[in-house]
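Chain by chain, the residues:
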Amino acid sequence: MKYVLLFVGTMDDQERFDNMSAEEMAAGMKLAEQWFEEYSRAGKIVGGEQLKGPQTATTVRYKDGKPIVTDGPFIESKEIIGGFAIVQVKDLDEALEMAKAWRAGPVEVWPAVER
Amino acid sequence: MFREEAAKLTGAMVRLIGNFDIAEEVVQDSLVAALENWPAQGIPDNPGAWLMTAARRRAIDLLRRDQRYAEKIALLQRSTMPAEPAEADDRLRLIFTCCHPALAQEAQVALTLRAVAGFTTQEIAAAFLVSEPAMAQRIVRAKRKIVEANIPYRMPQGAELVPRVDWVLAVLYLMFNEGYLSRGPQVASRRDLAEDAMWLTSLVARLLPDQPEVLGLIVLMRLHLARSRARFDSNGDIVLLPDQDRALWDSTAIAQAVEVLDRAAAMSSPGPYQLQAAIAAVHSAAPSWRETDWQQIVALYDTLLRIADTPIVRLNRAVALSHVTGPQAALGEVNDLAISLGGYHLFHATRAELLDELGEVALAREARLRALELSQNPAERSLLQRKLRG
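Protein sequences appear in the order of chains Y and L.
Letter 33 of the first sequence, counting from 1, is numbered 33 in the working numbering, and no numbers are missing.
Letter 226 of the second sequence, counting from 1, is numbered 226 in the working numbering, and no numbers are missing.
Treat each hint with caution, since some may be false.
[Claimed, not checked] Here are the simulated lysine-lysine pairs, DSS-like style, with alpha carbons at most 25 Å apart:
1. L/LYS145 <-> Y/LYS44
2. Y/LYS30 <-> Y/LYS44
3. Y/LYS63 <-> Y/LYS2
4. Y/LYS52 <-> Y/LYS30
5. Y/LYS90 <-> L/LYS387
6. Y/LYS90 <-> Y/LYS78
7. L/LYS145 <-> Y/LYS100
8. L/LYS145 <-> Y/LYS2
9. Y/LYS90 <-> L/LYS145
10. Y/LYS2 <-> Y/LYS66
11. Y/LYS78 <-> Y/LYS52
12. L/LYS145 <-> L/LYS72
13. Y/LYS52 <-> Y/LYS100
14. Y/LYS44 <-> Y/LYS78
15. Y/LYS100 <-> Y/LYS78
Read the hints as simulated data drawn from the structure, not as lab findings.
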């Protein structure tokens, strides 16, 4: 079964991330890479990306039949999505195990609709 | 009797059908059918088989509408009651699935009562004082999540086991407290949540005999229930521990519970439930409130704080401390908890008691009024009102 793991955080986390020293950044990236590598090798990762900051996001939506383009994420909140991974595992427990192994911040685990 | 059959039946059906939602639904339907038929027709010779047949028929009816389940139908038509060895595993799997941390805790309680203890939705709604449609909604949502998010029907293994057992125990203790604290003086005709929570905990203990915390929780529940006859006076008003008539306590039950606690202690893996049970055991052994071994109780709370440092534990420790070092020191400790426990009625009730002892009548009254504002339990409210009247 497929799940999407959303790596979430707050705007404060984002700010901390933006102000990290090069070494801190490198250490953090290494942890994330190790996570992706380990689970890719186990064949559990279908895809995933790290996302740039919310200040780089753009939202497109329709209003009265016309597309409206606006700056920023659609969901106006203090929470942001820093990245995601699409995983293919047996059940929720296995997906939760992967989420627990992610130490960089909170993870939302969403089951994907099966087709 | 339902609670003996429900878990076996649900466990077997989940295994046969492979869909928790449908399996649990057909068992519930068969229990409701039994409640409707048995009073008139009499209880069948083999109630388990009767329920299994009803559940299988219902499942076949439901599944016939869906071509994907052709194989399952064949399986259901062949099956009889599950063999004994598989059954213990089934029940445990069922409990761990119902008490999965990915479900809302109140839904875990409701699902466990329905699927494992054979409560009807109506009975659960009555026990938790919510409307039946609201409870049904809660259960439907949880069952849908089990299926949609693919929460597995299995026992947690390895390092996962102990934290998940703790989680199950938390659900069972919540269930117990809900029944125990809200229980009125007269035992109502509805099923008793506290008794059922204890039965479920005993079931877990039978299935997982080497987990001392499970035993600890059983002892804690038994000690509470052993004192329950003294909890209400002839007017039906609640009587707190200091004022209880200890002759009404069930001394046999207390002795048996303490034996179980010794068995748990022999496993040399102390935990919060064993420690709370030990504290309850010290109270049970005391001839009176005054003659309680308060030093021992404070020491047990100190150990408990090292494992589980929560404001509630600190509050309870402060009460014990007041008997060792006096109300002034205890009040200081209680006041420190104002931020975390300001919305908890027992925080204010405890302050009121300590202020009374210090002769601060006006402040005590103020605290008691605040406690009354925050308390919802009728028995506790009436106690506070009596104290306010003096």
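Here is how each hint holds up against the structure:
| no. | hint | result |
| --- | --- | --- |
| 1 | L/LYS145 <-> Y/LYS44 | holds (22 Å) |
| 2 | Y/LYS30 <-> Y/LYS44 | holds (19 Å) |
| 3 | Y/LYS63 <-> Y/LYS2 | violated (33 Å) |
| 4 | Y/LYS52 <-> Y/LYS30 | holds (17 Å) |
| 5 | Y/LYS90 <-> L/LYS387 | violated (58 Å) |
| 6 | Y/LYS90 <-> Y/LYS78 | violated (33 Å) |
| 7 | L/LYS145 <-> Y/LYS100 | holds (20 Å) |
| 8 | L/LYS145 <-> Y/LYS2 | holds (15 Å) |
| 9 | Y/LYS90 <-> L/LYS145 | holds (16 Å) |
| 10 | Y/LYS2 <-> Y/LYS66 | violated (34 Å) |
| 11 | Y/LYS78 <-> Y/LYS52 | holds (16 Å) |
| 12 | L/LYS145 <-> L/LYS72 | holds (22 Å) |
| 13 | Y/LYS52 <-> Y/LYS100 | holds (23 Å) |
| 14 | Y/LYS44 <-> Y/LYS78 | violated (31 Å) |
| 15 | Y/LYS100 <-> Y/LYS78 | holds (23 Å) |
The structure fails to meet hints 3, 5, 6, 10, 14 from the earlier list, while all remaining hints are met.
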